[in-house]
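Trainee: Each chain is listed here by its residues.
Protein chains: 4
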Amino acid sequence: MKRVGVIGYSGATDRPPVSDLRELCLELGRKLAENGFVIFNGGRDGVMELVSQGARKAGGTVVGILPDGEAGNPYLSVSIKTGLDSQMRSFILLRNMDVVVSIGGEIGTAIEILGAYALGKPVILLRGTGGWTDRIAQVLIDGKYLDSRKITEVHQVWTIEEAIDVIGQLP
Amino acid sequence: MKRVGVIGYSGATDRPPVSDLRELCLELGRKLAENGFVIFNGGRDGVMELVSQGARKAGGTVVGILPDGEAGNPYLSVSIKTGLDSQMRSFILLRNMDVVVSIGGEIGTAIEILGAYALGKPVILLRGTGGWTDRIAQVLIDGKYLDSRKITEVHQVWTIEEAIDVIGQLP
Amino acid sequence: MKRVGVIGYSGATDRPPVSDLRELCLELGRKLAENGFVIFNGGRDGVMELVSQGARKAGGTVVGILPDGEAGNPYLSVSIKTGLDSQMRSFILLRNMDVVVSIGGEIGTAIEILGAYALGKPVILLRGTGGWTDRIAQVLIDGKYLDSRKITEVHQVWTIEEAIDVIGQLP
Amino acid sequence: MKRVGVIGYSGATDRPPVSDLRELCLELGRKLAENGFVIFNGGRDGVMELVSQGARKAGGTVVGILPDGEAGNPYLSVSIKTGLDSQMRSFILLRNMDVVVSIGGEIGTAIEILGAYALGKPVILLRGTGGWTDRIAQVLIDGKYLDSRKITEVHQVWTIEEAIDVIGQLP
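If you're matching them up, the sequences are chains A, B, C and D in order.
Under the numbering used here, the first sequence has 92 at position 99, and the numbering climbs by one with no breaks.
Under the numbering used here, the second sequence has 80 at position 87, and the numbering climbs by one with no breaks.
Under the numbering used here, the third sequence has 54 at position 61, and the numbering climbs by one with no breaks.
Under the numbering used here, the fourth sequence has -5 at position 2, and the numbering climbs by one with no breaks.
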């Protein structure tokens, strides 16, 4: 049972940039659930909430790993309180993923992309979603690594179907 | 949906002291599940494994919060890797409980009993199970507190039924 | 260069129970410094502050490991911010001690006494100082252990001189 | 008393890329010490060790915040064991800095650059030192931010003198 992390923009779901990604996030959640993947995310609003909503509607399981002081969005199957600040919480979240899909995102997402790579978790950039998901693509080494140690691969995809394919092909 | 933590002896389930508590742990897991409580524990062997086994057999949900390097027992509904040592992991575990039931236990259990109290989580000592569950009862202040601040109450019960009753009556 | 932890009551230094231990704490700090030990503590008020004050006056070095939101008392040589809550912070503090001296104390001190033992750090109870330092002495196994695994020893002393002797004799 | 973090390549100090930065690191450590700054770093080898060596020779103070299992380089004034993995350890390290200077670096350094920004700590990129210090400069927003929230500034300098100047001018 693969554990797929989804990271990206936080913030209100009815305002840009999150609202512009609404259908994409709901659809990604739905497809991940339909393929039997368990979703792990930060449990908050923004991309996390929309992907959770899509997944739960399709009968999926969503685990939210929360930072201190957050209650979690209403679509989580299980919410885990860490009592940690956002960044340290992210490193517990990352440990529970087999692979991570990134959508847009500000500095917290950037830290999670790099953190996933540092822990040897493959990263899938859903290109065209803006923020650090597109920005980090500009500085990949050989188009797929985040440092000279080549710990794991960063994949670039442009559609949800491609993302699901990459996840399916991972060991 | 109340989240009930269960803490106690780790170690092989077919050897004392855990084997002596086998039926008790299976039954506690079953009763917690039947009453609709979600169980949180440390995800390892010993009391944690037997309570998980009892709960799952009765259709319950068990979340295991694992220390670094542990795979978790086979009866967990969801296992969360923290990457932390046993003790720091315990403090993440404790944050996710509304109340904790303690059964026997060595130093790790003692830390969790005191940690639960420090975080304001009511503690239920299932007396007669040995270890720190019985030992800590000897030094309670006014029979129910663990320090002069009286942060929360420590309850002493002798049967599973009493434990379920206390949990049910908590706000 | 031995690292000696000192734990105990927090709270205002001019009010009981801390004010009653004022001379004892200042003297302990002074003696630890004179013997060349580096002091590690939680960096806050109460026993921590008085021991730090005594040590600094005698030219000693005091490292305070702070929980989130605390600035540290004015007598620290080095203060380390952890960003963690009090309890998780305590487990980082404990890792940096070769031995710990306990003076009075509420639930946080109790967790540190047990945590030190769990990490294999010898504990010295300065008896007669009240709180958990005296309370835990009532439930020691064979007068010196905190669980059946006998991970390390708990020493009971009644004077600062004895405490310094025990520290000096540790490997 | 400003606390200056220094981050960058780990690895043997007598092999590239660290050996190529030897004089630069020693000199940076010396200048930071001469200006009365306290240095915080990860306490390990590579850039951390050379900067520590330079600083100590000039009478400076160096605090190393260590990940689990590391003993620390021989030039630390104080070493703090966290018991945490490298990445979570980095977030404790970052909390203790007023500003951070980055030299070269692989994925761990990249995480620390972004983490410093996320925590609102100004970052100084010592350009021309390779690795993520130069790579991150390619994706700065408006030449000085790491996300659209503009939490703090990223400064680019080409000499140690400029770095010292920037540190001196920070509030």
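Keep in mind that the hints were calculated from the coordinates and are not lab data.
All C-beta atoms in this analysis are idealised placements derived from N, C-alpha and C, irrespective of residue type, glycine included.
One thing to keep in mind: the hints can contain errors.
Cross-link-like lysine to any residue pairs, in silico, SDA-like; alpha carbons within 25 Å at most [said to hold, decoys possible]:
hint: 1; chain 1: D; residue 1: LYS50; chain 2: C; residue 2: GLY52
hint: 2; chain 1: D; residue 1: LYS24; chain 2: C; residue 2: LEU19
hint: 3; chain 1: C; residue 1: LYS143; chain 2: B; residue 2: ILE153
hint: 4; chain 1: D; residue 1: LYS(-5); chain 2: C; residue 2: LYS143
hint: 5; chain 1: D; residue 1: LYS50; chain 2: D; residue 2: GLU154
Cβ-to-Cβ under 8 Å is the rule here; a few derived chain D residues that face chain C [what the hints assert, rightly or not]:
hint: 6; residue: LYS(-5)
hint: 7; residue: THR6
hint: 8; residue: PRO9
hint: 9; residue: VAL71
hint: 10; residue: VAL92
hint: 11; residue: GLN131
Trainee: For every hint, state whether the structure bears it out.
Mentor: Against the structure, the hints come out as follows:
1. D/LYS50 - C/GLY52: 22 Å, holds
2. D/LYS24 - C/LEU19: Violated - the C-alpha atoms of C/LEU19 and D/LYS24 are around 38 Å apart, more than 25 Å.
3. C/LYS143 - B/ILE153: 31 Å, violated
4. D/LYS(-5) - C/LYS143: Not satisfied, since the Cα-Cα distance of roughly 45 Å exceeds 25 Å.
5. D/LYS50 - D/GLU154: 19 Å, holds
6. LYS(-5): 14 Å, violated
7. THR6: 25 Å, violated
8. PRO9: It is violated, given that the least Cβ distance between D/PRO9 and chain C is near 33 Å, above 8 Å.
9. VAL71: Status holds, d = 5 Å.
10. VAL92: Result: violated, 15 Å to nearest chain C Cβ.
11. GLN131: This hint is violated: D/GLN131 lies away from chain C, its Cβ roughly 30 Å from the closest one there, beyond 8 Å.
Hint violations for this structure: numbers 2, 3, 4, 6, 7, 8, 10, 11, all remaining hints satisfied.
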